[in-house]
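Undergrad: Protein chains in written order, with this note's numbering: chain V, 6 to 316; chain C, 274 to 585.
Just so you know, the hints here were simulated from the structure itself, not pulled from any lab data. Honestly, I wouldn't trust all of these hints.
Chain V is faced by these chain C residues, among others (derived, beta-carbon under 10 Å) [as the list claims (entries may be wrong)]:
hint	residue
1	Ala284
2	Ile371
3	Pro426
4	His451
5	Gln507
6	Val511
7	Ser571
8	Ser574
9	Gly582
10	Phe584
Quick caveat, the model's predicted, so the values are computed rather than measured. For glycine and all other residues, C-beta sits at the position ideal for the given N, C-alpha and C.
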Amino acid sequence: MKKECIYTLKKQYRDDLNIYGYRFGQGEKAACIVGSIRGNEVQQLYICSQLVKSLKRLEENGAIVGRNEVMVIPSVNHSSMNISKRFWATDNTDINRMFPGYDAGETTQRIAAGLFDAIQGYQYGIQFPSFYLPGDFVPHVRMMETGFQSHALANQFGMPYVVIRKPKPIDTTTLNYNWQIWNTNAFSLYTSATDRIDRDSARQAVACVLRFLTQMGILRYTSHSGYLASVIREEELFNIKTGVSGIYQRYANPGEEIHQGQILASVIDPLEGEELARVLSPTDGIIFFAHSAPLVMEGTIVFKIIERLHE
Amino acid sequence: MIKEVVSVGLAVDECLRVKKNVLQPERLSGDEKRICIVTGTHGDELEGQYVCYELNRMIQEHKENLKGIVEIYPALNPLGVDSISRGIPMFDLDMNRIFPGDEKGAVAEHVAARIIEDIAGADLCIDIHASNIFLREIPQARINVNTARQLLPFARRLNLDFVWIHAAATVLESTLAHSLNSIQVPTVVVEMGVGMRITEEFCHQLTDGIFCVMKDLGVWDGEVAKPKTPIISQDGEVGFVNAEAPGIFVPCVEHWRNVQKGQRIGRILNSLDGTVEQEVCAPIHGMLFTLREYPVVSCGSLIARVLGGDFE
Ligand SMILES: [Zn+2]
């Protein structure tokens with residue numbers, strides 16, 4: 006294992022921001038794994054720290070095959086994480102909307118450029134991002150439909166679902182999209198948490214990355230067989246919204262199988278305690294995403310459902 | 274007549290409401306032109322608030338001159354204006370990156386879709402922005418090169434100092450202006466002043482310009498000022514100055530001034546050890562149309578933009 010600083014941003018009032026990369030093995034740039042880019046992505050940081058620990062042991066035991074190099078960057082934005090901010094601490098911009106970056110541009114463009122420069126040229130790129138709506142997911146691999154994506158490869162993680170997203174204009178500045186455009190096979194891995202640590206899904210994520218590296222011939226590792234993934238297109242997910250606002254109580258969780266008419270949640274009058282509405286499942290299926298905050302606005306997407314026909 | 278464009282229930286006893294004021298003649302013939310003035314997409318940009326007030330006041334004082342429909346939307350992101358947050362509180366994405374929105378999407382996307390639906394069909398829309406809290410801008414229109422032919426006739430008449438015709442970028446396809454332009458509502462983006470402040474002279478200048486355009490469109494038949502002739506530029510002639518060291522930026526030139534190539538614009542200072550971290554100099558000869566307002570800078574913070582040429 007070689008630890009190196011891949012990018013430094015000099016600061017005046019705080020310690021410099023140093024972004025570290027951990028390299029395992031030597032030779033061909035085989036795979037690169039990027040963890041937390043936003044300051045609340047604690048689960049993503051935890052997963053990568055566990056990956057560094059596992060890869061260190063595996064490398065010591067000679068498990069890296071031939072001339073392959075794997076790099077892990079557990080944390081990009083601890084300047085924000087250390088003060089509990091999600092986006093860049095000084096100007097609130099999102100580093101994951103700045104790719105491929107610009108080394109003579111604004112601060113977060115420079116960070117993105119510095120990072121992107123260090124992580125280019127790898128055959129596989131794996132990122133642990135977070136979603137723009139707060140809530141819990143079924144663990145899945147997400148890829149952008151750029152024309153370069155391959156879901157057969159995404160299947161090798163052994164995660165239960167592979168989601169294909171048609172990029173919107175705003176996605177064109179994410180790491181995942183730019184990795185793909187610059188010839189790296191890019192995958193985003195979502196586990197069931199972001200700003201808290203869920204050890205079970207973290208353990209699963211680490212196992213999935215090690216399984217993928219094994220399947221790709223980069224690592225020698227006895228992995229238990231994973232799931233045969235169902236491939237879903239994001240636009241086919243069925244959104245369930247709340248018609249009213251108030252205190253939200255959820256009765257069903259991501260991954261659960263649900264039936265048409267089942268009560269999934271209810272909304273309670275925040276001042277008087279009476280039930281205002283029940284959220285009923287309009288279809289048979291599996292819960293893919295579930296809103297997790299204790300309050301809801303009118304029209305909030307509280308569930309995304311994989312309809313039965315995908316089984 | 275105040276109307277609600279969209280309303281969304283918040284958790285406890287309150288609704289998010291986007292409102293507009295519709296000003297129109299007593300009697301409508303049915304072929305009135307309609308112009309929409311929108312602002313407050315970014316909750317920390319306030320210059321447009323005073324423009325909306327002035328437009329309202331001046332139109333209502335001489336209602337007899339109103340021959341078309343003027344719709345004023347002072348706050349597309351009312352929760353942001355109220356809470357001094359640039360974005361929509363509790364929502365990750367910049368509101369000006371989610372248009373044309375989606376009826377079936379998340380709350381903010383639904384709000385965006387209803388705003389587009391409401392403005393659709395207008396003969397002109399002016400979307401007023403106020404930079405951000407970091408930079409001060411001279412009154413200017415920003416136009417995507419693909420819409421320049423259609424929008425320049427309006428932008429020239431808005432009594433602005435400058436029209437910046439910039440290159441197209443995929444990510445900008447999700448702005449309000451791009452979405453409206455693509456449904457044939459000519460939409461001009463105005464940037465002026467600085468975030469969290471009101472620069473009265475700029476607000477009066479733009480208000481006068483909006484009356485000129487209203488007169489051109491036959492929406493107003495009162496007296497109007499003769500608009501300034503703006504400087505018009507393409508992207509290539511703009512020089513950028515970014516901080517190369519962190520510290521405190523103190524300018525030594527004024528905004529909206531000519532600078533020589535290599536002339537000092539200001540310095541970045543270190544308040545702990547009393548040294549100068551960087552002498553900040555103009556990259557080209559020209560006019561300083563953007564200047565850093567907020568003193569604390571990091572490596573990369575934008576300090577100035579200079580439009581190449583001689584303008585005095
Ligand atoms: Zn703005």
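Undergrad: For a quick check of understanding: which of the numbered hints are violated here, in increasing order?
TA: 3, 5, 6, 9, 10
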